[in-house]
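*Asks:* Which chain is which? The protein sequence lines are D and W, in order.
Quick note: the first sequence, position 20, residue 20 per this note's numbering, numbers continuous.
Quick note: the second sequence, position 20, residue 386 per this note's numbering, numbers continuous.
Hints were generated in silico from the structure; no laboratory data involved.
Among the hints, a few may not be true.
EDC-like cross-link-like pairs, simulated, lysine to aspartate or glutamate; straight-line CA separation at most 16 Å [stated by the list, open to error]:
1) D/Lys-21 to W/Glu-524
2) D/Lys-125 to D/Glu-150
3) D/Lys-306 to W/Asp-569
4) D/Lys-21 to D/Asp-318
5) D/Lys-82 to D/Glu-10
6) W/Lys-517 to D/Glu-150
7) W/Lys-514 to D/Asp-315
8) D/Lys-306 to W/Glu-412
9) W/Lys-514 to D/Glu-313
10) D/Lys-37 to D/Asp-78
11) W/Lys-502 to W/Asp-483
12) D/Lys-8 to D/Asp-83
13) D/Lys-37 to D/Glu-208
14) W/Lys-436 to W/Asp-376
15) D/Lys-121 to D/Glu-208
16) D/Lys-306 to W/Asp-610
A quick note: this is a predicted structure, and the numbers were derived from the prediction, not measured.
Chain residues, written in single-letter form:
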Amino acid sequence: MTAVPILKIEDLRTYFHSRSKQAFIRSVDGVSLEVMKGQTLGVVGESGSGKSVTALSVLGLVSAGPGVISGKIGLRSDRIQKDLLEGLGEFVKLTTKDGKIMEVSKDVAGWRRGAERIMSKVRGKEIAMTFQNPGSSLNPFTPVGKQITEAIRLHTSTKTEREAKERALSWLHRVKIDSPRLRFDHYPYGLSGGMCQRIMIAMALASEPSLLITDEPTTGLDATIQSKIVDLLEELKSELGITTMLISHDISIISQLSDSVAVMYGGTVFEYGPTKEVLSKRGNSKHPYTSALLASIPSAQNIREKRYLQAIEGDVLDTINIPTGCRFYSRCSRMTERIRERCVGHEPDLRETGSRHKVRCWLYFD
Amino acid sequence: MPKTILEVMDLKKHFTDRKGLFHSLGERHPSIPAVDGVSFYIKENETVGLVGESGCGKTTVGRTILRLEKPTSGKILFDGKDITSIPTDELRRLRGQMQMIFQDLDAALNPKMRIRDILSEAITVHHKIDGAEAGKRISDLLEQVSLKKSKLSNFPHELSGGEKRRVGVARVLSVGAKFIVADEPTSALDVSIQAQIVNLLRDLQKRLGLSYLFISHDLPVVELISHKVAVMYLGKIVEIGLSDRIASRAMHPYTHILWSSLVEKQNKENPQKAKSVQADRWGVFDFERPVSGCRFAPRCPVYESSGRPAICIDPSTEPQLEDIGGSHQVACHFPL
Ligand SMILES: Nc1ncnc2c1ncn2[C@@H]1O[C@H](COP(=O)(O)OP(=O)(O)O)[C@@H](O)[C@H]1O
Ligand SMILES: Nc1ncnc2c1ncn2[C@@H]1O[C@H](COP(=O)(O)OP(=O)(O)O)[C@@H](O)[C@H]1O
Ligand code: SF4
Ligand code: SF4
Ligand SMILES: [Mg+2]
Ligand SMILES: [Mg+2]
Numbered sequence: 001m002t003a004v005p006i007l008k009i010e011d012l013r014t015y016f017h018s019r020s021k022q023a024f025i026r027s028v029d030g031v032s033l034e035v036m037k038g039q040t041l042g043v044v045g046e047s048g049s050g051k052s053v054t055a056l057s058v059l060g061l062v063s064a065g066p067g068v069i070s071g072k073i074g075l076r077s078d079r080i081q082k083d084l085l086e087g088l089g090e091f092v093k094l095t096t097k098d099g100k101i102m103e104v105s106k107d108v109a110g111w112r113r114g115a116e117r118i119m120s121k122v123r124g125k126e127i128a129m130t131f132q133n134p135g136s137s138l139n140p141f142t143p144v145g146k147q148i149t150e151a152i153r154l155h156t157s158t159k160t161e162r163e164a165k166e167r168a169l170s171w172l173h174r175v176k177i178d179s180p181r182l183r184f185d186h187y188p189y190g191l192s193g194g195m196c197q198r199i200m201i202a203m204a205l206a207s208e209p210s211l212l213i214t215d216e217p218t219t220g221l222d223a224t225i226q227s228k229i230v231d232l233l234e235e236l237k238s239e240l241g242i243t244t245m246l247i248s249h250d251i252s253i254i255s256q257l258s259d260s261v262a263v264m265y266g267g268t269v270f271e272y273g274p275t276k277e278v279l280s281k282r283g284n285s286k287h288p289y290t291s292a293l294l295a296s297i298p299s300a301q302n303i304r305e306k307r308y309l310q311a312i313e314g315d316v317l318d319t320i321n322i323p324t325g326c327r328f329y330s331r332c333s334r335m336t337e338r339i340r341e342r343c344v345g346h347e348p349d350l351r352e353t354g355s356r357h358k359v360r361c362w363l364y365f366d
Numbered sequence: 367m368p369k370t371i372l373e374v375m376d377l378k379k380h381f382t383d384r385k386g387l388f389h390s391l392g393e394r395h396p397s398i399p400a401v402d403g404v405s406f407y408i409k410e411n412e413t414v415g416l417v418g419e420s421g422c423g424k425t426t427v428g429r430t431i432l433r434l435e436k437p438t439s440g441k442i443l444f445d446g447k448d449i450t451s452i453p454t455d456e457l458r459r460l461r462g463q464m465q466m467i468f469q470d471l472d473a474a475l476n477p478k479m480r481i482r483d484i485l486s487e488a489i490t491v492h493h494k495i496d497g498a499e500a501g502k503r504i505s506d507l508l509e510q511v512s513l514k515k516s517k518l519s520n521f522p523h524e525l526s527g528g529e530k531r532r533v534g535v536a537r538v539l540s541v542g543a544k545f546i547v548a549d550e551p552t553s554a555l556d557v558s559i560q561a562q563i564v565n566l567l568r569d570l571q572k573r574l575g576l577s578y579l580f581i582s583h584d585l586p587v588v589e590l591i592s593h594k595v596a597v598m599y600l601g602k603i604v605e606i607g608l609s610d611r612i613a614s615r616a617m618h619p620y621t622h623i624l625w626s627s628l629v630e631k632q633n634k635e636n637p638q639k640a641k642s643v644q645a646d647r648w649g650v651f652d653f654e655r656p657v658s659g660c661r662f663a664p665r666c667p668v669y670e671s672s673g674r675p676a677i678c679i680d681p682s683t684e685p686q687l688e689d690i691g692g693s694h695q696v697a698c699h700f701p702l
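Let's have the full structure, built from the sequences with the hints guiding it.
*Replies:* Okay, here's the thing in structure tokens:
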């Protein structure tokens, strides 16, 4: 069976206003991605590269302006086949210059009304999300068991209180909360970070979504707890076949859990393809940023030999001042004289270099 | 033989929990034994890594050594001199020799001051030098930490994370410190910037002969940068030794679990052994639980699999660090 995409994001753009700089923060600036049914797509990139904003855009949860301004978000689940941004384009007017968006006028109220009409059937039900900060999805004033029970009654065919409660309990069990009956009546306050992640995962999965988006599920947790969460996600994937978009800045977690991966930088996807190829140090036709990132992580060998790390010089991209050419230009060590002019002057597209492997770099296109 | 720059003996720091549960009951405040009998030494030009889960007391060790906290008991020798209870005016002189790089990037950077003023203040507080000389010193510092001169007129909020960290390092060097406690110096930084800072710290050590206590939860980085690594659990060091031995031939069950939790390693190396010491119940420890015997027993897979030997939970036989040869010490009755 060939894999079919459940989620297909095309050329998504989500901008914010920077009041102090009087300019756009181009947080998501032309992102295209697919999440295949039954698979895990890893989205990896440094802080500020636009991972969370991409996810929030998919769920229609971007609150600041102008927010999502263009693109397509195709959802193809068993129940719904729809572009989640369908018909919303009419609420936005973009003024471009040299292919760059210079001005945005958006009828925010109109957009929101239209988006909510679509999203009310999708959010929580078709696509569920867990957040790095549990406060974003757990209500501090309601016991965790009750929150899961409510999600079940709202989003699934299980409607009676008693049945929903049983299911909620079995989900707590499923995510390996110890003494689930006891925890059922606990409030989120006072639960450890690892426990909160488990509960968020239980709550997200309890509504039986077609797609789970999990944003930095291990970030900020101790290494020992991290590896337990990774084990859990791995188990859920192999046993329940859940389709997942896994967001993390941690390459080792992405490489362990994902089938394919998108490497983000400065609001765009730099490299996209099977995890084995993209995140292996010896892979072919890789983006210079991905290679450099992999090289900068201490490996068994350079630890043994106590060598210096191969740092990427320069600083992470400031998404207010996007350069005209390649976003990695100022830090790239692989640019050659042959392509310099193009690197400076034109942003490369994300293009195929091998089967299902795409790279945004002039090195690979003549 | 390099000289010992810092020696810590049976150091304790107990906090009284002001907001403690028992407060309203009129009982004595329970005390939190954040650091509960820690001993180790650091030689000149050496880096000792300090690892352990959050809350185990790493930062408190660092702060107490620098006398930013008052020790409850124990002894701290710096450069051969007992500094455990020296008075405040002597402390000031000490600050010219030992300094801390704080985990929080903004901690030591006054948001209202320009970078130039932050650095020149740090220089003139500890050394009586005039404007021109201070200017020269600042240029030297910028070069040492590879920071662009143009950043001197910026305010801290105008700098990136990596640049703030460089200023933090420059500030510590500006006072002439030889011994530096680096508390999670890379944890707030992006992956691509972390390597720059790790390299910078190693480079400075070589050029200036610095000694570091390097606190971090990033085990590969600790392993790379440290000569020795100390593993802390609930206020105590449970194992200390040369970094490659700690990483690949851990003797304490806790150390082993820490390193095998590194996702990458778990796959490749010795999965059998890793499984056998992998803890199933892996809760979070708390200081409220009274310690009896080995503090790690409630989570220890070896304790569990050896039929819960009584010696592990006997209050009179709490395991102490013992030499097992090769500058390696471990506190466990049944080392691996
Ligand atoms: N509500 C907002 N208002 C303004 N800027 C925002 C907002 N949310 C995110 N950003 C900016 O968008 C960029 C991308 O953020 P994010 O997607 O959170 O990055 P990450 O890849 O770390 O998840 C960052 O520069 C961030 O500061
Ligand atoms: N000023 C303080 N007052 C009370 N408790 C403190 C104080 N500082 C630290 N602690 C407690 O001491 C323990 C160790 O903290 P810390 O040294 O910060 O650990 P680590 O750096 O390993 O994460 C924690 O339980 C912490 O809550
Ligand atoms: S396009 Fe040019 S500058 Fe950009 S990553 Fe490729 S080689 Fe480097
Ligand atoms: S002394 Fe016993 S409980 Fe403690 S670490 Fe060793 S085996 Fe485990
Ligand atoms: Mg994020
Ligand atoms: Mg700390």
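*Asks:* Output the numbers, in ascending order, of every earlier hint that fails for this structure.
*Replies:* Violated hint: only 6; rest satisfied.
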